[in-house]
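From just these sequences and the hints, can you work out the full model?
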Amino acid sequence: MSKVNDFLTAAGVFFLATADGDQPKLRPLGFHMEMDGKVMFGVGQFKDVYKQMVANPKVEIVAAKPDGHWLRYTGKAVFDTDPKYEAAALEVMPQLKDIYNEKTGNHMMVFHLEDATAVDIPMMGPGEDLLA
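Under my numbering, the residue at position 93 of the sequence shown is numbered 119, and the numbers go up by one with no gaps.
Careful: at least some of the hints might be erroneous.
Here are the in silico distance ranges between beta carbons for each label pair [claimed, not checked]:
id : residue 1 : residue 2 : range
1  : N132      : A158      : 21 to 29 angstroms
2  : S28       : L55       : 31 to 39 angstroms
3  : D93       : N132      : 34 to 42 angstroms
4  : K129      : T35       : 29 to 37 angstroms
5  : I147      : K110      : 30 to 38 angstroms
6  : E128      : K91       : 20 to 28 angstroms
7  : F72       : P148      : 34 to 42 angstroms
8  : P152      : K123      : 22 to 30 angstroms
9  : P148      : G70       : 16 to 24 angstroms
10 : G131      : G38       : 23 to 31 angstroms
Keep in mind the hints are simulated off the structure, nothing from the lab.
The structure presented is a predicted model; accordingly, all values stated were derived computationally and were not measured.
Don't be surprised by glycine CBs; every beta carbon is placed ideally from N, CA and C.
Written as structure tokens, this is what we have:
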């Protein structure tokens, strides 16, 4: 998992693809962390993206680095409901505490991918399986 986490760190912003019925939806994200041997992400429980992932947990994350390599990380989103994950996420990215707190009532729903594939793809040539 460290290879996936390192790639996302190098890329900075990455994109999460979900499905809204038969319409694909894509949005930029920046939060990720590695914890308990998994790369974790987060979305707000009040957002459409969360509802889309509950309805259809098949997602894809794509990131690109300045060197021309790009990542395709595909799998099933599984939400990690232990409060320790949300707390850790807010420590990793403290600016999110303005959105996710008791006053707003908003919660970050932390998830990881299962049954996943992750491929580092250079501009030219074959890709590298990052989960092997």
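Verdict for I147, K110 (Cβ pair) under range 30 to 38 angstroms: Holds: the Cβ-Cβ distance is about 34 angstroms, inside 30 to 38 angstroms.
A158 and N132 - C-beta distance against the hinted 21 to 29 angstroms: 38 angstroms, violated
Cβ separation of P152 and K123, checked against the hinted range 22 to 30 angstroms: Check failed, 42 angstroms falls outside 22 to 30 angstroms.
Cβ distance range 16 to 24 angstroms for P148 and G70, holds or violated: 34 angstroms, violated
Pairwise beta carbon distance, E128 to K91, judged against the given window 20 to 28 angstroms: 37 angstroms, violated
Verdict for K129, T35 (Cβ pair) under range 29 to 37 angstroms: 30 angstroms, holds
Pairwise beta carbon distance, S28 to L55, judged against the given window 31 to 39 angstroms: Check failed, 19 angstroms falls outside 31 to 39 angstroms.
Assessment of proposed distance window 34 to 42 angstroms (beta carbons of F72, P148): 39 angstroms, holds
Verdict for G131, G38 (Cβ pair) under range 23 to 31 angstroms: 30 angstroms, holds
Distance restraint evaluation - D93, N132, Cβ atoms, bounds 34 to 42 angstroms: For D93 and N132 the Cβ distance comes to about 36 angstroms; the hint holds.
Checked against the numbered hints listed earlier, the structure breaks hints 1, 2, 6, 8 and 9; every other hint is satisfied.
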